[in-house]
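Undergrad: With the sequences and hints as input, model every part of the structure.
Residue numbers (numbering that gives the first Met the number 0), protein chains in the order written: chain A, 0 to 688; chain B, 0 to 254.
No lab work stands behind these hints: they were computed from the structure.
Heads up, the beta-carbon is just placed ideally off N, CA and C, and yes, glycines get one too.
Worth double-checking, as some hints may not be accurate.
Claimed, not checked - With a Cα cut of at most 35 Å, we get these calculated DSBU-like pairs of lysine-lysine:
1) B:220 - A:267
2) A:12 - A:184
3) A:267 - B:163
Said to hold, decoys possible - A few chain A residues facing chain B, derived, Cβ under 10 Å:
4) 277
5) 430
6) 605
Said to hold, decoys possible - Residues of chain B placed beyond 10 Å of chain A at every Cβ, according to the derived structure:
7) 18
8) 72
9) 111
10) 129
11) 137
12) 178
13) 234
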Amino acid sequence: MMLFKLSLKNIKKSFKDYTIYFFTLILGVAIFYVFNAIDSQTILLDVTRDTRELIKLMINMLSGVSVFVSFILGFLIIYASRFLMKRRNKEFGIYLTLGMSKRKISMILFFETFFIGLLSLIVGLLVGVLISQFMSLLVANMFEADLTEFTFTFSNSACIKTLIYFGIMYLLVMIFNTINVSKCKLIDLLHGSKRSEQVKLKNPIFCTLLFMVGAGMLGYAYYLVTIGFEELSNASDIFLPIILGTLSTFLLFWSLSGLLLILVTHMKKFYYKALNSFTLRQISSKINTTVFSMSIICLMLFITICVLSSALSIKNSMTANLKTLVPMDVQFMKTRYLREEQVEGSTRYDPNMIADSNISLRETLTFLDFDIETNLRDIVELDIYDIGLTLQDTLGSYYEEVYKKFPFMTYDTEEYFIKLSDYNRMARLFGLEEYTLKDDEYIIVADYKELAVIRNEALKRNVPIVIKNEKYYPKYEKCKDGFLFMNSTHSNSGFFILPDKALNEERILISMMSANYKANGEVEKKQIEEHITTELENHPYSLMTTLKGSTKIKLYETSVGLGAMVTFIGLYLGIIFLISSAAILALKELSESTDNKDRFICLKRIGVDDKMLHQALFRQIGIFFLFPLLLAMIHSIFGILFCNRLLSVFGSDELLPSIIMTATFIVAIYGGYFLLTYFCSKNMIREKI
Amino acid sequence: MEPILKIDKIEKYYGSRSSLTKAIDNLSFSVEKGEFVAIMGASGSGKTTLLNCISTIDRVTSGHIYVGGEDITKLKGSSLNRFRREELGFIFQDFNLLDTLTAYENIALALSIQNVKVKEIDARIKKAAEELDIKNVLNKYPYQMSGGQKQRVASARAIITNPKLVLADEPTGALDSKSAKMLLERFNHLNAALDATILMVTHDAFTASYAKRVIFIKDGKVFNEFERGDNTRKEFFDKIIDVVTLLGGDLNDAL
Chain A
0 MMLFKLSLKN IKKSFKDYTI YFFTLILGVA IFYVFNAIDS QTILLDVTRD
50 TRELIKLMIN MLSGVSVFVS FILGFLIIYA SRFLMKRRNK EFGIYLTLGM
100 SKRKISMILF FETFFIGLLS LIVGLLVGVL ISQFMSLLVA NMFEADLTEF
150 TFTFSNSACI KTLIYFGIMY LLVMIFNTIN VSKCKLIDLL HGSKRSEQVK
200 LKNPIFCTLL FMVGAGMLGY AYYLVTIGFE ELSNASDIFL PIILGTLSTF
250 LLFWSLSGLL LILVTHMKKF YYKALNSFTL RQISSKINTT VFSMSIICLM
300 LFITICVLSS ALSIKNSMTA NLKTLVPMDV QFMKTRYLRE EQVEGSTRYD
350 PNMIADSNIS LRETLTFLDF DIETNLRDIV ELDIYDIGLT LQDTLGSYYE
400 EVYKKFPFMT YDTEEYFIKL SDYNRMARLF GLEEYTLKDD EYIIVADYKE
450 LAVIRNEALK RNVPIVIKNE KYYPKYEKCK DGFLFMNSTH SNSGFFILPD
500 KALNEERILI SMMSANYKAN GEVEKKQIEE HITTELENHP YSLMTTLKGS
550 TKIKLYETSV GLGAMVTFIG LYLGIIFLIS SAAILALKEL SESTDNKDRF
600 ICLKRIGVDD KMLHQALFRQ IGIFFLFPLL LAMIHSIFGI LFCNRLLSVF
650 GSDELLPSII MTATFIVAIY GGYFLLTYFC SKNMIREKI
Chain B
0 MEPILKIDKI EKYYGSRSSL TKAIDNLSFS VEKGEFVAIM GASGSGKTTL
50 LNCISTIDRV TSGHIYVGGE DITKLKGSSL NRFRREELGF IFQDFNLLDT
100 LTAYENIALA LSIQNVKVKE IDARIKKAAE ELDIKNVLNK YPYQMSGGQK
150 QRVASARAII TNPKLVLADE PTGALDSKSA KMLLERFNHL NAALDATILM
200 VTHDAFTASY AKRVIFIKDG KVFNEFERGD NTRKEFFDKI IDVVTLLGGD
250 LNDAL
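TA: This is the structure in structure tokens:
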């Protein structure tokens with residue numbers, strides 16, 4: 000019972016010290032709950048079956064991410080509790096000298112962890128439930144569903160999951176603490192704080208050298224992911240810039256801490272002004288000992304910024320894409336003239352499909368009991384021809400160079416060819432540009448940037464296409480923007496438009512038909528949609544045809560669902576990373592506060608007034624927080640550029656709003672931690688001289 | 000001439016009405032410019048409380064303390080800090096040096112918080128280092144110095160601002176006898192050469208014997224006081240020991 004009381008009193012007494020720890024735990028619990036409770040909010044939404052499927056997928060992914068998140072949080076909590084343990088070494092030392100057994104000390108710690116855990120779980124869940132009410136608005140907005148009415152939601156399963164996950168984490172902390180206590184020695188506990196700090200001035204030349212090496216490495220890493228982007232043909236190539244970036248971050252922090260000190264100590268006017276010399280030494284002595292964690296925090300912040308801004312921009316640009324990339328209500332397409340060898344041993348094609356592939360798309364639709372006339376209007380049909388040319392052929396002399404750069408790209412897929420008149424008819428309906436061609440000209444239409452860039456090079460070289468001994472030359476030096484298949488992303492890797500006569504006798508590869516629904520209002524539209532998506536799919540003939548359809552509604556839903564998924568996972572991970580890095584920084588800063596406290600008392604005793612002290616403290620903590628953020632921001636400029644190019648299929652016109660959103664998150668969470676740290680430290684030094 | 004420090008009937012009470020402790024009980028004395036005064040007393044005699052009151056770390060319950068004619072018991076907030084910064088110099092038992100700064104920077108800090116110009120800082124530090132014989136340790140960190148060197152650095156910091164009064168709280172408490180002797184000789188030098196006014200609190204008769212005047216405190220009151228006059232240090236020391244024996248008790252044990 001004594002121990003019980005002692006631990007309760009300890010918590011009360013050291014509540015100030017625990018503020019950051021407690022705050023982090025509450026945030027962690029709340030966020031964990033919020034993201035696991037999303038499914039309870041989506042149930043209320045009025046969405047279609049497909050969206051429901053997507054939501055299910057999203058929730059599965061979120062719970063997968065939750066496992067990862069729980070690992071991060073687990074490490075964070077253990078790390079934090081170790082810090083708090085260290086601060087109390089003396090207290091434990093006194094207990095031990097008074098004859099308390101280590102087992103009893105472990106018990107005290109056990110109770111403390113238990114209370115703090117319980118309290119943080121209760122408060123965290125309350126906060127989580129509150130936040131998740133606002134989250135339901137966001138969820139509804141994400142899935143573009145109407146939130147029919149506001150209802151208070153509480154997710155039992157998320158609550159239980161949170162309890163279990165955090166229960167395990169706290170259990171681990173308890174075990175960890177017990178091990179720590181059983182290992183510690185009395186002498187270290189009592190005299191642990193008396194370590195004399197070695198403030199080593201680094202060799203300036205060595206620092207400069209290392210700084211240059213670090214900067215050079217970083218520059219090269221930046222170069223690799225931006226200008227040298229084309230060279231990264233291989234997934235494993237990305238490791239080089241990552242390793243370089245990580246290493247150079249470490250080197251930069253190491254050398255900068257030394258260099259800055261040397262530099263500023265030479266700026267005598269600045270250095271010997273008010274408490275500048277003190278603040279600078281404080282920072283540099285800490286950077287000396289925490290270069291490693293600074294680097295980690297910087298990298299974590301970098302990941303946070305990239306993940307958040309990319310995730311948010313993907314969602315934005317996907318929605319924006321849909322408006323232009325999905326102009327029609329429905330699009331059917333079907334592979335034509337299947338050959339025996341294509342069918343044989345193929346999982347994709349059934350032998351029955353050969354017969355169907357020889358008839359027209361319209362005929363297939365009638366076999367499927369779909370009446371074109373009553374359901375569709377604005378019909379435009381189009382055939383894609385195959386003339387036996389592959390990408391390798393159409394790149395001409397440029398192929399050799401491309402192959403060297405990107406040996407792992409596939410070059411033997413057949414190229415698509417389309418008649419000019421077919422294209423123009425379609426273009427009119429799709430709202431694309433219409434073209435004219437001379438008898439020996441061709442145009443490439445592509446909107447997948449990465450490939451378009453390659454094709455442009457071939458176009459510049461005036462690579463001809465030969466069909467039946469007739470040569471055709473590019474009309475333009477660049478690929479034209481456009482697409483054939485409705486899609487939520489810019490993924491048209493290119494097709495050729497040729498004069499009609501060139502393709503008259505060629506083999507049709509794919510037939511397609513695009514149309515709008517013959518419907519007045521949303522209700523009728525939905526009926527036709529339902530007809531296509533369910534009845535056609537379940538029709539017995541559907542097994543015998545390669546016909547596929549994509550509809551605007553479905554594409555929208557998928558895109559919205561994907562967007563929401565990416566956004567939620569991005570938000571989840573981003574916020575957790577942000578909290579972790581800010582919390583580590585804050586704890587580190589506060590754990591030094593015992594040393595700091597002595598120093599600040601020193602200053603007070605020689606007559607430094609509170610205003611000056613607080614200013615020094617604010618600067619010290621501010622710089623400590625700002626340093627990793629600054630480098631992370633520089634990293635992020637290149638990181639975002641890289642992500643942007645990587646995700647260029649999604650389009651990237653909407654980068655600014657997502658960056659603003661990311662900045663808001665960082666200012667709110669990181670800034671919040673900074674202020675909290677400042678006020679906690681201020682409280683600590685305010686104590687008596 | 001106006002005394003540098005004038006303590007006028009101060010009292011300091013601790014505790015509540017039911018259990019009142021009089022740490023200082025109607026204490027008065029004054030220190031003239033250029034004096035080197037030692038205050039002796041057993042632990043619990045109120046000498047630390049007295050020092051805290053003079054250094055404005057603690058407040059008196061009643062009475063007045065005048066430093067250079069200014070009543071410091073009336074000072075508040077920032078003017079208190081200003082007073083402490085500009086009019087007083089402190090030497091502590093535990094040196095109170097910042098472990099992150101070099102000796103030079105530690106000394107400079109006392110001036111830089113008064114916004115003294117860099118050039119002047121440098122010149123004044125050089126001079127103070129000369130006086131205290133610490134020129135060769137200026138670029139060292141506290142952990143690289145001996146206790147005696149640290150205390151001399153702290154002394155340099157205390158006098159560099161040209162304070163009206165230097166307060167030393169058991170300055171030899173953490174030093175071995177050789178370093179203590181060296182430090183005290185430096186104090187004498189500062190006192191003689193720079194006309195620095197030093198008020199030193201100690202329980203050590205040897206340390207006190209370096210002062211020009213000793214004030215004994217017992218139970219918060221002045222018990223005895225006398226000047227060294229023309230006595231040699233040895234004679235002065237013997238006189239102090241006599242009083243200490245008279246005082247008896249704790250102070251004797253402390254010897």
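Undergrad: Does each hint hold? Answer for all of them.
TA: Cross-check of the supplied hints:
no., hint, in the structure
1, B:220 - A:267, "violated, 49 Å"
2, A:12 - A:184, "holds, 25 Å"
3, A:267 - B:163, "holds, 28 Å"
4, 277, "holds, 6 Å"
5, 430, "violated, 68 Å"
6, 605, "holds, 6 Å"
7, 18, "holds, 21 Å"
8, 72, "holds, 17 Å"
9, 111, "violated, 5 Å"
10, 129, "holds, 20 Å"
11, 137, "holds, 14 Å"
12, 178, "holds, 19 Å"
13, 234, "holds, 36 Å"
In summary, the structure is inconsistent with hints 1, 5, 9 from the numbered list given earlier, while agreeing with the others.
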